[in-house]
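Asks: Spelled out, the chains give:
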Amino acid sequence: MSRRTKLPAWADIGLIPLINVLLAFLSAGVVVALIGESPLEAVQVLIRGAFGYDEGVGYTLYYTTNFIFTGLAVAVAFHAGLFNIGGEGQAYIGGLGVGLICLALDHLLPWWALLPLAIIAGSLFGAAWAFIPGYLQAYRGSHVVITTIMFNFIASALMVYLLVNVLIQPGSMSPETRAIAPESTLPLMHEIFEFLGIKITQTPLNLSIFVALLACLFVWVLIWKTRWGYAIRMIGFNESAAVYSGINPKRMVVIAMMISGSLAGLVAINEVMGAQERVGLDFVSGAGFTGIAVALMGRNHPLGIIIASLLFGALFQGGAELAFEFSTITRDLVVVIQGLVILFCGALAYMMRGPLERLFAALSRSNQEEG
Amino acid sequence: MIRVVLKTLALSVAVASASTQAADLNPAVVFDMGGKFDKSFNQSVYNGMERFKEESGVNYREFEVTNASQREQAIRRFAQRGANPIISVGFAQAAAVDKVAGEFPDARITLIDMVVDKPNVQSVVFNEHEGSFLVGMLAAMKSETGTVSFVGGMDIPLIRKFECGYAQGAQYVNKDINIIRNMTGSTPSAWNDPAKGAELAVSQFDRGSDVVYAAAGGTGVGVYQAAADSGKYAIGVDSNQNYLQPGTMLTSMVKRVDVAAYNSLKAMQDGTWQAGFQALGLAQGGVDWALDEHNEALITEEMKSAVEAAKKAIIAGDIKVHDYMSDNSCPALD
Numbered sequence: 020m021s022r023r024t025k026l027p028a029w030a031d032i033g034l035i036p037l038i039n040v041l042l043a044f045l046s047a048g049v050v051v052a053l054i055g056e057s058p059l060e061a062v063q064v065l066i067r068g069a070f071g072y073d074e075g076v077g078y079t080l081y082y083t084t085n086f087i088f089t090g091l092a093v094a095v096a097f098h099a100g101l102f103n104i105g106g107e108g109q110a111y112i113g114g115l116g117v118g119l120i121c122l123a124l125d126h127l128l129p130w131w132a133l134l135p136l137a138i139i140a141g142s143l144f145g146a147a148w149a150f151i152p153g154y155l156q157a158y159r160g161s162h163v164v165i166t167t168i169m170f171n172f173i174a175s176a177l178m179v180y181l182l183v184n185v186l187i188q189p190g191s192m193s194p195e196t197r198a199i200a201p202e203s204t205l206p207l208m209h210e211i212f213e214f215l216g217i218k219i220t221q222t223p224l225n226l227s228i229f230v231a232l233l234a235c236l237f238v239w240v241l242i243w244k245t246r247w248g249y250a251i252r253m254i255g256f257n258e259s260a261a262v263y264s265g266i267n268p269k270r271m272v273v274i275a276m277m278i279s280g281s282l283a284g285l286v287a288i289n290e291v292m293g294a295q296e297r298v299g300l301d302f303v304s305g306a307g308f309t310g311i312a313v314a315l316m317g318r319n320h321p322l323g324i325i326i327a328s329l330l331f332g333a334l335f336q337g338g339a340e341l342a343f344e345f346s347t348i349t350r351d352l353v354v355v356i357q358g359l360v361i362l363f364c365g366a367l368a369y370m371m372r373g374p375l376e377r378l379f380a381a382l383s384r385s386n387q388e389e390g
Numbered sequence: 019m020i021r022v023v024l025k026t027l028a029l030s031v032a033v034a035s036a037s038t039q040a041a042d043l044n045p046a047v048v049f050d051m052g053g054k055f056d057k058s059f060n061q062s063v064y065n066g067m068e069r070f071k072e073e074s075g076v077n078y079r080e081f082e083v084t085n086a087s088q089r090e091q092a093i094r095r096f097a098q099r100g101a102n103p104i105i106s107v108g109f110a111q112a113a114a115v116d117k118v119a120g121e122f123p124d125a126r127i128t129l130i131d132m133v134v135d136k137p138n139v140q141s142v143v144f145n146e147h148e149g150s151f152l153v154g155m156l157a158a159m160k161s162e163t164g165t166v167s168f169v170g171g172m173d174i175p176l177i178r179k180f181e182c183g184y185a186q187g188a189q190y191v192n193k194d195i196n197i198i199r200n201m202t203g204s205t206p207s208a209w210n211d212p213a214k215g216a217e218l219a220v221s222q223f224d225r226g227s228d229v230v231y232a233a234a235g236g237t238g239v240g241v242y243q244a245a246a247d248s249g250k251y252a253i254g255v256d257s258n259q260n261y262l263q264p265g266t267m268l269t270s271m272v273k274r275v276d277v278a279a280y281n282s283l284k285a286m287q288d289g290t291w292q293a294g295f296q297a298l299g300l301a302q303g304g305v306d307w308a309l310d311e312h313n314e315a316l317i318t319e320e321m322k323s324a325v326e327a328a329k330k331a332i333i334a335g336d337i338k339v340h341d342y343m344s345d346n347s348c349p350a351l352d
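Chain order of the listed sequences is A and B.
For the first sequence, our numbering gives the first residue as 20, with consecutive numbering after it.
For the second sequence, our numbering gives the first residue as 19, with consecutive numbering after it.
Please note that the accuracy of each hint is not assured.
Stated by the list, open to error - Below are the DSBU-like pairs computed for lysine-lysine, each with C-alpha atoms no more than 30 angstroms apart in a straight line:
(1) Lys218/A - Lys117/B
(2) Lys218/A - Lys136/B
(3) Lys329/B - Lys57/B
(4) Lys284/B - Lys160/B
(5) Lys71/B - Lys322/B
(6) Lys160/B - Lys136/B
Hints were generated in silico from the structure; no laboratory data involved.
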């Protein structure tokens with residue numbers, strides 16, 4: 020954090036991640052070549068699968084929506100110097116909140132009246148689930164990395180219990196709630212387009228992507244334009260200095276965790292109220308963890324998170340397409356490619372910094388000599 | 019709508035022209051989250067597909083889902099490409115099958131382990147409670163301590179169905195038998211956690227159990243290992259797993275999902291494929307207990323005749339095994 024930036028901002032934010040992604044793809048290409056497929060063809064299938072036609076784009080953006088929410092969640096905590104690995108559990112419990120309110124009111128209210136309530140319920144439940152690790156970190160010194168991981172398991176145990184014993188639809192065999200009434204679920208994108216007179220293929224993409232974009236705006240305003248945001252960044256930079264400027268770090272740790280948890284809880288707006296229209300087992304399916312990679316790659320900035328989410332959404336959708344097209348490429352290779360992207364963009368994010376800095380220094384020197 | 023209609027038209031034209039050249043057969047399979055090499059349920063389907071491929075020379079397409087929304091995507095994609103039939107593996111795919119079957123009336127889908135009522139869907143379910151009843155009897159007859167145990171994967175109705183059948187079988191032999199029950203976990207990783215399975219089994223042995231039945235996918239491997247290490251008996255599930263630990267594997271409750279997959283393809287090839295509902299129980303050979311060279315030394319004549327008698331009685335309807343999923347309750351364990 021305290022590193023002196025010798026690079027122009029566009030190179031730091033734009034060029035380095037781009038180079039890292041390319042390196043990741045190069046390494047993935049080597050793996051693809053090793054199993055005997057053409058890397059070029061694989062890249063083509065991946066990109067065409069993610070962006071080449073309306074159904075692919077729909078799925079890509081649908082995954083993107085989840086990753087924006089969880090990426091923002093990780094980023095807010097990260098600004099406060101907290102590593103929230105519990106996005107998975109917070110999103111799962113957020114789904115309980117969204118599910119309960121939708122199932123309670125779905126025959127009374129249309130979706131546009133239900134949406135604000137569902138957003139409040141989802142974020143409250145997510146925040147409540149993040150409150151406990153936040154409190155333990157602030158007042159008991161239990162490290163938030165450990166407690167949030169544990170809370171993922173507790174969340175999933177609680178949800179399995181509730182889905183199997185309490186919320187299960189009577190007479191149903193699989194552990195999920197009844198479906199939310201159709202007029203109370205979020206409109207899917209193909210329905211909106213149909214209303215506008217344009218036909219597109221049906222995908223799970225729904226209105227919640229706009230909620231996700233609004234959440235990005237919210238986080239940007241919160242972190243850089245408000246007193247809370249200042250306090251959050253302050254305790255992240257230097258806790259003792261924050262105390263001297265009159266900030267109560269313990270209180271801010273709890274608040275930052277709760278904001279983080281509420282953002283993760285909003286995943287349920289996309290999954291429960293939009294795509295699946297019911298609460299099912301394990302509906303988060305790893306989005307909470309992918310959010311960590313998204314935040315790392317997006318440099319904890321909402322704009323970066325949107326771009327990183329789009330990349331990971333494309334990898335999820337394009338990767339599924341790879342598994343469809345090549346019988347030798349299984350879903351495990353898709354995980355390998357995603358892992359390489361995380362490795363280069365997260366763990367090795369600063370590897371290319373040194374060489375680039377020298378390159379830019381040399382360039383500016385030669386410019387000065389010419390001038 | 020128009021788009022869907024157009025697509026189906028195009029599809030039926032494509033299918034019609036294809037059928038003039040070769041048999042109307044283009045199989046595809048959508049495995050569920052466990053993956054096709056889970057040594058258990060999905061792998062059994064895979065074996066059935068492979069057997070058909072070897073016999074007929076007809077290749078098949080496959081997809082392994084990694085998250086919930088991919089189920090629908092994969093089934094729809096196969097339907098668009100004219101796959102026929104599509105084998106859909108596992109109860110979790112029911113909602114997706116229901117949706118896609120409505121959109122593609124010409125696609126024919128075989129759903130394993132769950133029921134969807136659509137004119138182009140063949141639903142195959144298994145009477146796991148019947149098979150579990152038989153292995154529960156064997157467990158109770160083999161037990162010297164009067165305590166037997168059960169290790170499940172996730173605590174979901176399907177696994178309680180195994181558990182409930184097992185308990186009824188054990189109680190049928192010994193009314194006062196003590197049954198210890200544990201579930202491995204609450205996340206899908208519970209289907210593939212041998213270390214946890216071994217821990218649970220050992221703790222059950224410490225509490226007096228000497229026969230353990232595992233219905234937990236890949237987790238079972240750890241349970242069987244723990245039983246072999248402690249000199250206790252274990253019962254396998256889904257596939258015949260007697261060979262895994264010969265000498266301490268009492269038997270296996272086999273569930274022939276491979277047969278269900280194979281039969282669907284075979285019927286499609288012969289032109290006898292039919293939509294509708296099939297429950298494969300003891301009578302149809304869909305579930306059974308396994309007796310082979312690996313466990314014949316453990317099964318006495320007396321045990322064998324008792325189990326075979328009970329099997330006949332269940333098929334004849336003289337013994338009624340309660341199905342947990344019929345009313346989501348298990349009187350035997352309350």
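Asks: Determine for every hint whether it applies to the structure shown.
Replies: Verification of the hints:
Using a Cα cut-off of 30 angstroms, the hinted pair Lys218/A and Lys117/B holds, with the two alpha carbons roughly 19 angstroms apart. At most 30 angstroms may separate the alpha-carbon atoms for a hinted pair to count; Lys218/A and Lys136/B meet this at roughly 26 angstroms. Only pairs whose Cα atoms come within 30 angstroms are accepted, and Lys329/B paired with Lys57/B is accepted, the gap being roughly 27 angstroms. Distance hint between Lys284/B and Lys160/B is unfulfilled; the C-alpha atoms sit about 40 angstroms from each other, more than 30 angstroms.
A C-alpha spacing of about 36 angstroms is found between Lys71/B and Lys322/B, which places the hinted pair above 30 angstroms, so the restraint is violated. The suggested pairing of Lys160/B with Lys136/B is violated, with an alpha-carbon distance near 45 angstroms, which exceeds 30 angstroms.
In terms of the numbered hints stated before, the structure departs from hints 4, 5, 6, listed from lowest to highest.
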